[in-house]
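Engineer: Protein chains in written order, with my numbering: chain A, 1 to 324; chain B, 325 to 728; chain C, 729 to 1053.
Any given hint might turn out to be false.
Computed beta-carbon distance windows for the label pairs [what the hints assert, rightly or not]:
hint : chain 1 : residue 1 : chain 2 : residue 2 : range
1    : B       : Asn605    : A       : Leu86     : 23 to 31 Å
2    : A       : Val302    : B       : Ile619    : 41 to 49 Å
3    : A       : Val20     : B       : Ala553    : 23 to 31 Å
4    : A       : Pro152    : C       : Ile752    : 58 to 66 Å
What the hints contain is simulated information worked out from the structure, not anything from laboratory work. Beta carbons are placed, not taken as given, at the ideal position from N, Cα and C, and that holds for glycine.
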Amino acid sequence: MALRPSTSWIVPFALVGVVVFLVVGSVDSALFAQQTVSGLANGGIYASLAVALVVIYRATEVINFAQGALATFTTYVAWQLITWGLSYWEAFLATLAVAFVGGFLLELVVIRQVERRGNVLTVVIAAIGLLILVEGATGWIWGNGIKFVPSPFPAHFYHLGGATFSLQDIGTIGISLASVVVLWGFFQFTKAGLGMRAAAVRPEAARLVGVRVSWMLSLGWALAAVLGAIAGLLAAPNPSYLLQPSMMDGVLIYAFAAAVVGGLESAFGAVVGGLLIGVLLNLLSAYVSWVTPQLLLPVAFVIMLVVLLVKPSGLFGRTRVRKV
Amino acid sequence: MTKRMKAALVLAVLAVAAAAVSAAFAASARTPGVTAKTITIGGTFPLTGPAALYGVIPKAEAAYFKYVNSKGGVHGRKIIFKYYDDGYNPANTVPLTKKLVEQDHVFADYGSLGTAPNLAIRGYLNKAKVPHVLVATGDSYWATQAKVYPWTIGFQPDYPGESRVYGQFIRNKVPQAKIGILMQDDAYGKNYYDGLIQGLGPAASKVVDVEKYDATQTDVSSQIVKLKAAGANVVAIFALPTQTITALVVITKIGWHPTAFINNVSASPLFMALAQKSGANVDGDISATYLQDTINNPKTAAAILYKSILKKYDPGADPNDANNLYGVASAWTLVKALEDSGKTPTRSSFMSALTHMNWKNPFLYPGLKMLTTPKERFPIDQQILEQYKSGAWHPFGHVFSKAR
Amino acid sequence: MRPKPATLAGLVVTLAVAAAIALIPFALSNYHRSTGADVAVFFVAILALNIVTGYTGQISIGHGAFMAIGGYATAILTHDHGWNDIATLPIAAICGFIAGVIVGVPALRFQGVYLALTTFAVALAVPQLAKNYSHLTGGTEGLALPTHTGMWLYGVGWAVAAVMFAIAWLLLRGRTGRAFRAVRDSEIAAASSGVTLAVYKTVSFGISAGMAAVAGSVYVLVNNFVNPDVFGLTLSLYILIGAVVGGLGSLWGVLAGACFIQLLPIALTTGSVGSSQSVPVVFGAVVIGVMALLPLGAANLLRVALHFGSQWRQHSDTPLGTEGR
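Make the full structure from the sequences, and use the hints.
Structural biologist: Next comes the structure, spelled out in structure tokens:
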């Protein structure tokens, strides 16, 4: 499979244009600034889950529809730990560890069996089955009532030139970006990260140089689970989500879109996609009045599809040459 | 006594006994769901999906029934309560309801939740003459369309009735009101909107802005900002719990201090606490209630009973989640209706009991009465306003009666 | 795999199954007849999905949207304009076909996951449109239709299923079917042997959507109700599960798939104690298990057991897109 590097300067140029638009708008109008920041915060949650989707996709070409439900499950684990007396940060780190191990084992024990004899679509269906199972299990174990998860950020509001921003939103953007940067560093500079990239692109060659390809798959699921856990922990204290079994259902929709629009091979693209979608939804809701509330979702998707029509492999995706 | 007379007496006794036995048998054979020892009821509820937070209700109801069963049941019959998950999807509600009626042979469809799911099964149940009772939705149809659907009856105060109370209050007590409304853009929101406008009467001209959102939107901040910009000093939030909490947080965040009216469904102490923890300043907000105030008056018999039932039969349940109290209050109503249906209930006697209510439900706010007639089928049409202060709702003012 | 009429065995089995389906309802209760009607609905929906995904290789997780179009067409015509139920079905099919072509045209540009996202977006958008035009659709409170007996529903459902099956069979054994399969197996080869990709891909979407719309119509008749929640994303996912569990690219698997997604959850609900909280857990586990043990679906099991059809592709190639690797 030959890959041509992404061709254009068009995409970065367009993105810079969008950033300029957002900055100018924010300076101009308090409402615009507030909508942009809270849109970026929502976008940060979409982005974290989207990167999780990309990690698994890059390794296996599978869209893991269960990623959101798994994220919710790990957030419940955090809630349980906090209820049992751990401090927030202790529970946070413990949850990430549980997510890592859980994701690893899930791939090793369950997904591997499906991958072995099936094809991509088979694994996707298994992932949908997993979604149904995990969301059901979450409600079964912890019940359906909404639960409270504290935020790592105290409820502070900052005022800047007529606009108000919450520390929660700013912190969410920060953590989402930080986790992606850490992930990027992992892929670029660590042996395991390089091994994962090699295993995804050229499994046979990777095996020849000593990479244990099957372990790399499990590692991919483990990392995705950690990213999902972070997304869940950021969403749960946010009043727009709240800890309930269906918490990440809406997020998954936008994370999927973000990953595809960003270009499925690129984690950076997923982040950009997520942030853009978050801002797009908020600005559409605030400014475009002919879009009735019900049409917001379809319009947002039409816009995304237009982007894809222009760039069918996503913003930062690579066009592939197809061999006969 | 001659031998003949003795024989005649024995025959008479046997005949009466046979008649009695066959009558009892025939009654239970004719009435599905009723046996000598049990009575089976069933309903559909969202246990999964976005409305799953209401899934606590059937569990609370089941808990109450277990309590009643532990005391011997109703007229010696234990209540068997079957509830299925429809995920709030009417395409699931219909086959599950058919299952309840035709396979589980329930005596009645009880407490099913959701306007659309209930609209989907109403025709089927009425055609089959199966009681469709105490439905968990605040729409008015269950009372206003009783002529066409006589086997259906609701439970909670209807949404327009509730917001009418808010309207009347604002009209009489808040003369300088400039009213902003945040509403869900569908029948749910519209029900509240219509009631508010009716209650306001001439004061309806004081509505300065109406902002709408769709149930799929979680972020309602732009709507709140617009309401503030329109100059409102009173805001009515007619939304689902998630959007209500978000709205309350945003109101505080943008430094706005209106008097907020919150619909009862979204005003559970649990949600108010969540809003507060997320930074909302919710003191002074107003809502309405019809349930017992178990939080401020934890020592009443009803409050103690409520908590002990949850603790024993529904251990994971949070007593501060008003949905649990709702469930227990509803379950009490069902049991009372069964008691009033006679020693051997039939579906007709059951409906008769429900359409001739004159009860004091201990789980309702003191002084409220459950009253119905066959023509007037709102079991609860009284409410009391409450204001949120220092972490709890405090009822105030008088009971609004017959708010229609 | 298409059943070869040349094989007597194939014909006999088809007739036996058809006879069984025709005769069973007489032994069933009213409730089970309704359930049978539901199976028929999903039979048609999975058949429809098979045409576009199994045979033409275009992934769709949006067939719930096409069902919605048919369902609403039937509901509106019956409820507001007094049409006869059955008479609405051809209209639904036409509306679905048009919708399928509308989706199929931009879909030409996309492959694999990108196409999946497009259909995903359609699945989410259609219920929102139904909510938006509430004066027409009844909005969230929907439209309630008259009820029917289980026997009527069963009869209508399976009659429709039989007609759709016949149409699919005729279509797929002929030139169109060969063209579809050529598109699935290798677009480049197909194009270079004269298959106009754009036309066949769009047509396959159109036909598939038209069939799904008819399934949606019957679905609405079975439930005597329609509202946007009936056609959520879950519906599309379940149809896909049914198609894959049944076996893509096989007309026989369709029946197995429909039974799986309709009958298993009901059986689990019956079996659960007290409440149905455990149903999704068990169902999800079974789906995973089936994918692990029968990755090519029930149809493959049938093929192996009954030596049906040698055209069946053995190999676990992705039927989605043709990105070479």
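Engineer: Now tell me if each hint is right for this structure.
Structural biologist: Quick rundown of the hints versus the structure:
Distance hint check for B:Asn605 and A:Leu86: the Cβ-Cβ separation is about 30 Å, which falls inside the suggested range of 23 to 31 Å. The hinted range of 41 to 49 Å is satisfied by A:Val302 and B:Ile619, whose Cβ atoms lie roughly 48 Å apart. Taken as a hint, the range 23 to 31 Å holds for the pair A:Val20 and B:Ala553, whose Cβ atoms sit roughly 26 Å apart. Distance hint check for A:Pro152 and C:Ile752: the Cβ-Cβ separation is about 59 Å, which falls inside the suggested range of 58 to 66 Å.
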